[in-house]
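4 protein chains.
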Amino acid sequence: MSSKPIPMAVIGAGYWGPNLVRNAVSCPELDLRYLVDLDLGRAEKISAPYAGVTAVQDALTVFEDPQIEAVAIATPAATHLPLALAALEAGKHVLVEKPLAATWDEGRQLVDAAHAAGRVLMCDHTFCYTPAVQEIRRLVHEGVLGDIQFVDSVRINLGLVQRDVDVLWDLAPHDLSILDYILPEGCSPTAVAAHGADPIGAGHACVAYLTLQLPGGAIAHAHVNWLSPTKVRTTMIGGSKRTLLWDDLNPLQRISIYDRGVDLTDAAAVDAEDRRQVSISYRSGDMVAPALKEREALGIVMSEFADCIRTGRAPLTDGRAGLRVLDILEAASRSLEYAGAVVPLRGRR
Amino acid sequence: MSSKPIPMAVIGAGYWGPNLVRNAVSCPELDLRYLVDLDLGRAEKISAPYAGVTAVQDALTVFEDPQIEAVAIATPAATHLPLALAALEAGKHVLVEKPLAATWDEGRQLVDAAHAAGRVLMCDHTFCYTPAVQEIRRLVHEGVLGDIQFVDSVRINLGLVQRDVDVLWDLAPHDLSILDYILPEGCSPTAVAAHGADPIGAGHACVAYLTLQLPGGAIAHAHVNWLSPTKVRTTMIGGSKRTLLWDDLNPLQRISIYDRGVDLTDAAAVDAEDRRQVSISYRSGDMVAPALKEREALGIVMSEFADCIRTGRAPLTDGRAGLRVLDILEAASRSLEYAGAVVPLRGRR
Amino acid sequence: MSSKPIPMAVIGAGYWGPNLVRNAVSCPELDLRYLVDLDLGRAEKISAPYAGVTAVQDALTVFEDPQIEAVAIATPAATHLPLALAALEAGKHVLVEKPLAATWDEGRQLVDAAHAAGRVLMCDHTFCYTPAVQEIRRLVHEGVLGDIQFVDSVRINLGLVQRDVDVLWDLAPHDLSILDYILPEGCSPTAVAAHGADPIGAGHACVAYLTLQLPGGAIAHAHVNWLSPTKVRTTMIGGSKRTLLWDDLNPLQRISIYDRGVDLTDAAAVDAEDRRQVSISYRSGDMVAPALKEREALGIVMSEFADCIRTGRAPLTDGRAGLRVLDILEAASRSLEYAGAVVPLRGRR
Amino acid sequence: MSSKPIPMAVIGAGYWGPNLVRNAVSCPELDLRYLVDLDLGRAEKISAPYAGVTAVQDALTVFEDPQIEAVAIATPAATHLPLALAALEAGKHVLVEKPLAATWDEGRQLVDAAHAAGRVLMCDHTFCYTPAVQEIRRLVHEGVLGDIQFVDSVRINLGLVQRDVDVLWDLAPHDLSILDYILPEGCSPTAVAAHGADPIGAGHACVAYLTLQLPGGAIAHAHVNWLSPTKVRTTMIGGSKRTLLWDDLNPLQRISIYDRGVDLTDAAAVDAEDRRQVSISYRSGDMVAPALKEREALGIVMSEFADCIRTGRAPLTDGRAGLRVLDILEAASRSLEYAGAVVPLRGRR
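Protein chains in written order, with our numbering: chain L, 1 to 349; chain F, 1 to 349; chain H, 1 to 349; chain W, 1 to 349.
One copy or any two copies: either way a pair holds, since identical chains are not told apart in the list.
Below 27 Å or equal to it, Euclidean Cα-Cα: the simulated DSSO-like pairs (lysine-lysine) are:
| id | residue 1 | residue 2 |
| --- | --- | --- |
| 1 | K45 | K293 |
| 2 | K241 | K231 |
| 3 | K293 | K241 |
| 4 | K293 | K231 |
Hints were generated in silico from the structure; no laboratory data involved.
Use the sequences and the hints to build the structure in full.
Have a look at this one:
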């Protein structure tokens, strides 16, 4: 491609920002010009080793620079709305850290604003761009797993106890964005229930369990936990044909596809009083661990962002995807308040 | 001990019965005389290699033999009440397979009948007699873990889909009996919520999640699943001082005790408008895996049963423990019916 | 099969004998009548639970009982020759614990005696009868792995330090008998070197490394160790087409077959001074873990023994296989004495 | 420290060079000014994102720049001697990639030249600077493990088959430098034997086994392999008091210290004919996994290099350490040529 790299800025030099900076610098389609942070010293320290990146304190500098075409926002969720809105209004394309915004309503405003401005709004659902999740999506969409019967996610480790958000809003966006990404369209969750606990007195849930109803009697569940001394990141996806286990902490065998499961065959009812007779059989076939490339997901996020700006197509994880995740998070929070009550979802629109 | 071994019978030669037979034969304090099964051929085949064990078809033979002092019952749960009741009325001591009975009311009748007859009623909560669970109980009761903050159990594998019971009643009794055994008295669960799915059309839940409220804001959770292609049996017990991970499928390191966690220190509120200030700190100390003996739990069950008969003391897992497990199972079933509603427990009595 | 079970005896009630007893009792083709041990009390204790098994102190009782057709010998290696010879001379079929005998010469005598007597001589190379090793042999013999390039075995754990044999003679027979079983005929080892250490002062090697030269530039290596606090039992078999990893302590995935490796293509030498040009390419394909049945190997050993007696065919692990293992063990011992010198093998005859 | 960062250059932009560049840039005590590579385009590409780093083609530019005080050399081993020698003669401090040089004699020249020039000569034995190896050294030197009885290293994976060096020279320097670093002084290896194979026809060994004799009957062994489809990096260090297992691919539990082992007690010989009576006992105590910091080793290498330049002290892995590794590598190569013959070492000087 002979086109010039896209001039861009990163806003936020906190936990995630430096990763965005590093990957923007490495991405040949992008040309990082600014790193913005209220803490100018921090922005300067992070940007210092890189040639051509200026640290600034005020995002306005970026919005007002007509050369800048795109911004990536990695600030606290509460600030996503004003920053992203200002960026869109200034005609910039926007990549936003997860979650898309602090509430579904705010997220909605961003989606509408991007639509009105004709600009790309992409949500940085990083895990969706890992080779593992790409492969899982392919396997699900091509029917290799059959109908999805259950999804079980565990994402636990000794995490940083956040002051502004609970463990649901901190960790579950990963699982929910992955779920949104891999499930076929007709398979989106319809309702959610959440149970949580704050046994250390942090002021909000540090351990939480989320149950999602899926169409057709299927179920999805996520366990997120800041208090676990060991790190676990697994997702099991049970299908009618195959069951897949993704263990993100096992680089030598991240994905295992098992040809093991339970099959039920309908047999004719013997007489009217009989309940449906089912004949159960078990498959215990081989397991296959497909070869995966090792690529840094955030690098692919950057390429996707650049490519969508170039071509005008919607990102794989666009604002709408971010909105669907917010829908579940909000419902889950309400469920937590009401002791685990089942809360229906808005769903896809 | 010079006393003679206790003459006993095993009723039920199905899945679990042969294990009871093998361990009763190996236990020097017991003298296995009968194996009872409606399928006499099966009883004969199982008992054939053993000297001195007679296969019979009718449990009445056992109840009417005045030499028999004890019976172990390993039949379907629906038959526990009549069989155990008849045994107690015939003056036999009784060891019953889990769950104690098909309902809490039936279990209550057994507890009362054993009390009235002055006979031992023991529930075969086998896992409680593993060296691992014995060690966990010790660590919890001696305060090594501190206050219990969360308990997370996973018991999943490609299990036999049962026709008469769902996955909750099939697998959760293990986790619930272990929980009952290790938690200190004041720490018993107060309410339960359950979510399940039957994605294969088996007629009842094949995947289920159980959330238990514990006093003081703590939480316990169990994932039971018949559809998982891999086998997982882990329990994590988070405490204010230490967190313990029990991985029953790792014989080289079943128990790991982590000195890692989150500590909160209350700091004085600066002014009236401030929310409570908490100062968070993280421990990341060593991990210790205590040496455990390798002993077959069922052998210890047999010794415990014999010892309680000899001494008249209550078994570590007596009828009351079995009743508490039934309490939770019944409440969980009701919760499943009502889409995850929180159902309070009867609790200890 | 309507034929009567074969009356047999087990000689030796030490470490392995009880396993032979249990499996002989469970095998419908065999009829265990005697358990022999110089320590009669021990023989009585082991045989007590089983109907129809008599404990005796003198093997002569067995040899002189004309009804007994077969014996299984599980005594120290030094006694294999006199016991097995007497048994063969008395017309019994013989199953001998590994190693076949204390020396190659003694083993040779047994093979000759069995041949002369027209009786079955089988070596209890138990691991060869595991579903895993059966599958490995099949994969090697059917060419799925391609040409064997390297074999690497590790068999280490906190083992019982033996007084009469070193770690080589205690543990390596397992690896060597497996190697003998899986390698195609033309692929037998041609020479061996061994290095060992006795860092605790036990009087002989407690840690040893064995290197075997295989035809065609291939290599096999075994690490045996009594001093390791953890247990490892792995064998990797590198082939020109696939590489297989057998992890015997991972029941959920004992065998993994990797389509990963290095391929070399010869390219024409450009000119006379050039060294041979090789073009290297790497395969990084999928991994497949084949489904394996879970069966106790010793039960299959018993069936094989019975079947060979019935049909007169040679056992899969016959005396000659035992002899080939002794050949390597003796050469390895000589190598140990001479500080790792390479010692050629007698090889197949 | 208020002193100015040390102006330096990196020579070599191949496989390892970019890591040196990244860590030099991040190290506040160093000021990276040049990246040198014969392939100027490559040097330019690697240095482009970093401010203040100039790509040059000729190392002479660096040697002649009087401001440059230090160079890090990451070129093929055959070029270490001329480059490092020129650097030292130009008065620069030198950090050299492993192995120190292509031969022991060349390494010796470098050590002598550095001594004569009064400059720092450091060998980049990166693994020695990992928190894990630092902890192991501490545990060994403080006597926690007791006397070292055996060391067993495995370093295998599908590695790049090198054209200029065999697997021994490619991978074993890691294990040998670690061994050199952790063993107490009196415990250095005295002789080596090596066995290897080239089953793919690469022109030199692709699989190799190295056995080292240690004083007092102890043994060390390393398995290095380019053909393994899975990656293993473990080192077990058996001591008279504790045994340690280092699994570098398990970030959650890199080091496990087992209080398990075999103890021998000498007992008085009962009479003259008796062999020495030894009484064997087994310890099976707890396992402890110490908490380790996660730090990038190469960052610590850079700090160590800078600190040695500042203070004039010898690096933890100085030229002499690199020389001791070369001593073993050369002896191992000779052993390979002579089919595994034991070759004595020059040892410490």
